[in-house]
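Undergrad: Start from chain A and add chain B according to the hints.
Those protein sequence lines, which keep their order, are chains A and B.
Numbers 1 to 424, taken from our numbering, label the letters of the first sequence in order.
Numbers 1 to 424, taken from our numbering, label the letters of the second sequence in order.
Keep in mind that the hints are not guaranteed to be accurate.
Stated by the list, open to error - Restraint ranges, calculated between C-beta atoms of paired labels, are given here:
hint, chain 1, residue 1, chain 2, residue 2, range
1, B, D277, A, T369, 40 to 46 Å
2, B, E73, A, E72, 50 to 56 Å
3, A, G154, B, R5, 43 to 49 Å
4, B, L68, A, R158, 57 to 63 Å
5, A, Q206, B, I227, 43 to 49 Å
Simulated from the structure, these hints should not be mistaken for laboratory data.
Each residue gets a CB set at the ideal place from its N, CA and C atoms; glycine is no exception.
Letter by letter, the chains look like this.
There are 2 protein chains.
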Amino acid sequence: MTVHRPGFVDVDHAGRIEDVGDATQPPPAGTDHTTQRVSGVLLPGLVNVHCHSPMTLLRGSGEDLPLLQWLEEVVWPREGRMNADDTYWGMTLACAELLRFGVTTSCEMYFYPEAVVDAVRDAGSRCVVTAAVLVAPGMEHLGGWQSQLDTAIGLGDRYAGDADPRVEVGLAAHAAYTLPIEALTGIAEAAGQRDRLLQIHVAESQHEGAELEAEHGKSVPALLEDIGFFEPRRVLAAHSVWLSDEDLAIYRRAGVAVAHCPQSNTKLASGIARVTDFLEAGIAVGLGTDGPASNNDLDLWEEARLAPLLQRARTGEATALPAEAALGLPTRGGAQALGRPDLGVLERGRWADLVRLETADAAFVPMLTDRDLLAHLVWSASSRHVRDVWVAGRRVVANGVVLTVDEERARAEVQQRAERLATG
Amino acid sequence: MTVHRPGFVDVDHAGRIEDVGDATQPPPAGTDHTTQRVSGVLLPGLVNVHCHSPMTLLRGSGEDLPLLQWLEEVVWPREGRMNADDTYWGMTLACAELLRFGVTTSCEMYFYPEAVVDAVRDAGSRCVVTAAVLVAPGMEHLGGWQSQLDTAIGLGDRYAGDADPRVEVGLAAHAAYTLPIEALTGIAEAAGQRDRLLQIHVAESQHEGAELEAEHGKSVPALLEDIGFFEPRRVLAAHSVWLSDEDLAIYRRAGVAVAHCPQSNTKLASGIARVTDFLEAGIAVGLGTDGPASNNDLDLWEEARLAPLLQRARTGEATALPAEAALGLPTRGGAQALGRPDLGVLERGRWADLVRLETADAAFVPMLTDRDLLAHLVWSASSRHVRDVWVAGRRVVANGVVLTVDEERARAEVQQRAERLATG
Chain A
1 MTVHRPGFVD
11 VDHAGRIEDV
21 GDATQPPPAG
31 TDHTTQRVSG
41 VLLPGLVNVH
51 CHSPMTLLRG
61 SGEDLPLLQW
71 LEEVVWPREG
81 RMNADDTYWG
91 MTLACAELLR
101 FGVTTSCEMY
111 FYPEAVVDAV
121 RDAGSRCVVT
131 AAVLVAPGME
141 HLGGWQSQLD
151 TAIGLGDRYA
161 GDADPRVEVG
171 LAAHAAYTLP
181 IEALTGIAEA
191 AGQRDRLLQI
201 HVAESQHEGA
211 ELEAEHGKSV
221 PALLEDIGFF
231 EPRRVLAAHS
241 VWLSDEDLAI
251 YRRAGVAVAH
261 CPQSNTKLAS
271 GIARVTDFLE
281 AGIAVGLGTD
291 GPASNNDLDL
301 WEEARLAPLL
311 QRARTGEATA
321 LPAEAALGLP
331 TRGGAQALGR
341 PDLGVLERGR
351 WADLVRLETA
361 DAAFVPMLTD
371 RDLLAHLVWS
381 ASSRHVRDVW
391 VAGRRVVANG
401 VVLTVDEERA
411 RAEVQQRAER
421 LATG
Chain B
1 MTVHRPGFVD
11 VDHAGRIEDV
21 GDATQPPPAG
31 TDHTTQRVSG
41 VLLPGLVNVH
51 CHSPMTLLRG
61 SGEDLPLLQW
71 LEEVVWPREG
81 RMNADDTYWG
91 MTLACAELLR
101 FGVTTSCEMY
111 FYPEAVVDAV
121 RDAGSRCVVT
131 AAVLVAPGME
141 HLGGWQSQLD
151 TAIGLGDRYA
161 GDADPRVEVG
171 LAAHAAYTLP
181 IEALTGIAEA
191 AGQRDRLLQI
201 HVAESQHEGA
211 ELEAEHGKSV
221 PALLEDIGFF
231 EPRRVLAAHS
241 VWLSDEDLAI
251 YRRAGVAVAH
261 CPQSNTKLAS
271 GIARVTDFLE
281 AGIAVGLGTD
291 GPASNNDLDL
301 WEEARLAPLL
311 QRARTGEATA
321 LPAEAALGLP
331 TRGGAQALGR
341 PDLGVLERGR
351 WADLVRLETA
361 DAAFVPMLTD
371 RDLLAHLVWS
381 ASSRHVRDVW
391 VAGRRVVANG
401 VVLTVDEERA
411 RAEVQQRAER
421 LATG
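Same shape as in the complex, but just chain A (with noise of 0.2 Å):
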């Protein structure tokens, strides 16, 4: 189930959901477990499926600039700058924010994969790091792909098996414009081989890929399955905002999933994908909020009440992805979106990943059936709701508190080292 109004949870030794029930059921008698009483509404951890998280760095940095004009004076050259210790920093900083709103797994794309990992591990939080495999102007202190790739892999390498469960390591392409296709098709071999879940940026704005379909004289989704890049069992597309219907068709054939934006691409004025055609294709769907440059924060509860109001925008239908599947996007769908049957839904044998809301609160006011809750959770409630949350049986947020960060500290590291960042 998606929203359970409990009553209690049993979590096995290892983390694991092994019971939910209402406030009416006794508890099931044991010692092989914990449970862990409480009110309020729970939900299952909120999963965000793509962002760059350690860019809470550059948060509100050039705003409102042209986008060529922010990437190339604003962006780039700060992230040149950046190294492992300023990505942690980021990363840890980021990791409060997440936690506090509820988001307990979130799919990173950044440099220095391994300051990430580092940084979700002191956290106590969950994640799926993929290296973003990147060959870019003032990007060649990363290496070329090949040693980028190398490096990820060796990475993944470390943490497969059960190293520890609330890290993967998977791997990444940036797009399909900024690397050869070799890399491409290197990249997609490597996470074949392993099982690694592979992601890539695809369609994000109009014209992105024009140069690349002119000269393969087909979209880029197409020339992607041509290459094999969606040959792996998990591939996770971020953004696909630009996508024909035969795009649209490739996705569904090929089991590719879609990391939707809402927030970041209207922001940046990419366009508004086409979530409830994806959705109507049986295409895996779940949100990411991109990294704080361009959203600017990481409040996953924004992207889920985004997300509808833009399909009825796009649509002009008033009905269009209504509240029971909007909430759907931040817990089962962003699970699916990264072939992560263990996260995302309170039932047995998951990950006991919990958000509990205090709801003794006007936003939850009237409420006379089943469906308001669902309603008000998506067009009313808010990250503020957020009162408690669990990783894998763990508290790691207590009544709005983050026990796991200082983060006192975290502000005080990124503000120093965004300082350095801005004066290079």
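TA: Relative to chain A, chain B alone:
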């Protein structure tokens, strides 16, 4: 100024701002004022220019139904059963919500305007109440338009002058397509004679005025101009989503202001208003939440973020409605739209309606320039950062808690009344 890092604020005995200064400045001596030393960031109290706030009673009810079915099966029957006491409690819960979000002034359009005024006075907030004159099936108990108008004029007479400086009473015609022409002219004449704010819904959905436009051979704004509806000094046209260039020129020359309701307009799939065009033409634009039955809360911070997102979706320009302009909408824009030069800006002589935000939070990190603060206020801050609120110098919210409303009772009243309204 709109954003102020205090410092201090001096408030005179009447509740108006005498001086604002930064932390380095000594506050002026004297006994004719009180000095409030504050940390964090100070904004003028936000102004919600279009709402039907007592519809908290219908929040989340009949969600995701097609518009007409929702109105006919849910909204109208329940509103038909609503009495003045219901309205009072719906508005009381709304006042708590508004104040907690830092919204100190709301422009209300609803039945039982006297109950709305009573709730606002008890809650210590500020409002412009425009009684909605409406002729509609199921609403016969409200009386004919002339009798509704007489009641609204009478209420306004009682609050004319200095009866209560926190309460202004205006007039409202529900819409051109729900009232006979003589009612529209009658209401406008009454507003003009008494210099009252005159509010009306215009062009909310694409085809709502089609019949009327066919009959008169002109657009609704052109018709309203012809019959003198725009002659009063202060006219506020809510929504105004579907305006032609000619309609826009009419608004400009007649000095008509717009109440822009981005979330309501997208949720109901009405469309996206031409806000950047309005501003370019010098038309005053404020932000409205619309009623909690169609939004579903009264959080103006969400509107201030959604407005630029939608303008970017509409225009394809990533720099449309930059942060400073977006932040102007719920502050000075709202004051202009209501024709209220005593609100919306932190400066001497205006009402000391103040909102203090807590900025020791990830949403405000990093902060490298003053421009960053504006970006953070629009793109990563939210109503959860509102800590303290004053209306006319009186503290109504302290550390996030509303001092002037018994919220628990208000929630219980709304819950119980909503149950009755739902079942008849």
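Undergrad: Look at each hint and say if it fits the structure.
TA: Hint check:
1. B:D277 x A:T369: 40 to 46 Å: holds, 41 Å
2. B:E73 x A:E72: 50 to 56 Å: holds, 55 Å
3. A:G154 x B:R5: 43 to 49 Å: At 48 Å between Cβs, range holds.
4. B:L68 x A:R158: 57 to 63 Å: Distance hint for L68 (chain B), R158 (chain A) holds at roughly 59 Å.
5. A:Q206 x B:I227: 43 to 49 Å: Check passed, 45 Å falls within 43 to 49 Å.
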